[in-house]
Amino acid sequence: MITIDAILDAYINANILLILVFGLWWCARLLLQASGLTHTYTIQLRLLNGVFLAVAISPVFVLVYKLLAEYGAVSPGFNTNFSDIVVAQYLQGNFEMKPAQLEELLGLRGRFTSELLGLSSSLGIVVLGIILSGITIYTARLILSIVALRKIINQSHVWRRFGNLRLLLSDTTSVPFSTRTLTRRYVVIPSNMLTDEHDLRMAIGHEFQHMRQFDLEWEIVLEILKPIFFWNPVYYLWKRQVEELRELSCDQQVLARKGYDAKAYCACLLHVCQNSLNKGKLFSIPMPKVALISMDHSFFNRGSAVFLRKRVNSLLDDQQETNRRPIFVALMVPLIAFVALSTIFIQKPDDWSQDRIMLATIVNLDRLAERNGAGVSLAFNR
Amino acid sequence: MRQKKKIEFLTEVELEFMTRLWELGEGSVRDVLAKLAPERNLAYTSAATILRILEQKKFVESTKKGKTFIYRALLSKDTYQTRSLKDLSEKLFDNTPASLVARLVDDYDLSKDALGEIRALLDRRLEDDNN
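Listed in order, the protein sequences are those of chains A and B. Everything in the first sequence is counted per the working numbering, starting at 1 for the first residue and increasing by one. Everything in the second sequence is counted per the working numbering, starting at 1 for the first residue and increasing by one.
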């Protein structure tokens, strides 16, 4: 049976992994930029989505490792726990620290978990309260945004039907966007856009490209995860990176596939932006949808205008990605290996290792010596 | 399909189409397109879609003549003007039409003839009310 302790442990692991993996992805991105591959937006997006998927299936890595260890495929002496490695390094004298301090540092996570679950301190109560209220508020927000999105779709007019795809015309939106349910996909176009054939064609082409890239599905997954990772700044940075890369990649692919004129495409983006500003901030509500332009004014997404400029510059640069597969594979394989290893390394140790027993003994001896020393000193003072 | 909430107002493009249809009385997609300004450069399919939406919103109705759909406005221009002014008065002039008229007279740079016409209208209305 899954206990609350195990859920909390998995939650902490997921947050640690998210931070570690994003940091590593950022390094991979810097590497691409240093190699003159800044414009490889599709590779960067796929890498980001790939490592995200790896984080999501990280429990499978742990399971596989445990099975391998059970069948003797892993040497028993092989240390696979981060805190055990730290203790071993300490005992070998590779770094200096007071034993009690190290023990306290290593026990931090365990103490935090027990304080949180046992509600034994006011800090534990406050943290648990914040987490639970945050999850509730962000879930309510997600439900409201789905209701608002449903309302827009219901008030729209069906223009075309292709299988499970509906092309809708809406009077209430000023920005074309696409979204989906379990069974249907929707592209919603502002009805006023019908009067501009070129803009209309480009906007539809852009939204179709998002569907080809499975951007809708990724956006929905990220929105669903928001209530869980609401407090983690890396989640917002991650989401912002996904949003930026998917637009840059989509623009690049649409121009390459359809052969649109880059200037006309930029003009289309600016028209949509202008119409959106004239209509107010309808699209400032975060929703599980993928829009032609982002008008999100949330704290982590303040640079809408800066990003639009970046998109226009990228379009006018006209640099196309070529031969992407080798670069993608060369980066993806080590990234996934890192996720798998990190997942195994950050697990809570199952039992006491020899090194841990040794550290505890040193700490106890240290305390005893301190006490005896204090006793001697007291006797001496008398 | 679920019944949509009744839409009472036209978008900018729809109003342009309705204005042409009010002028024509009734007409096909091509008739309406021909009435639009030449620089509009609107595709036939887009114009047909706009008229189809207007039909869904119950602003127009269509009848099939041969292979062509003929559209006719279900709402008169006067009725739509009244509806729009009422909405404007409610939303922007705290439901006091006198403020709306005052703003119009003060700021619209009306000619003497236009002001005279308004006065005649008001006199006629007051006379009708007294009778």
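You may find that some hints are simply not true.
Rough simulated footprint, nothing fancy, chain A against chain B, three-plus residues with beta-carbon under 8 Å [to be verified]: (1) 94-100; (2) 107-121.
With a straight-line Cα cutoff of 25 Å, these simulated BS3-like cross-link-like pairs (lysine-lysine) come out [said to hold, decoys possible]: (3) B:Lys-86 - B:Lys-65; (4) B:Lys-91 - A:Lys-151; (5) B:Lys-35 - B:Lys-58; (6) A:Lys-151 - B:Lys-58; (7) B:Lys-91 - B:Lys-64; (8) B:Lys-64 - B:Lys-86; (9) B:Lys-57 - A:Lys-151; (10) B:Lys-64 - B:Lys-35; (11) B:Lys-77 - B:Lys-91.
Far from chain A, by Cβ distances over 12 Å, these chain B residues were calculated [what the hints assert, rightly or not]: (12) Glu-61; (13) Tyr-80; (14) Lys-86.
If you're looking for bench data, these hints aren't it; they were derived computationally from the structure. Virtual Cβ for every residue (Gly too), placed ideally from N, Cα, C.
**Asked** Which hint numbers doesn't this structure obey?
**Response** 1, 2, 3, 7, 8
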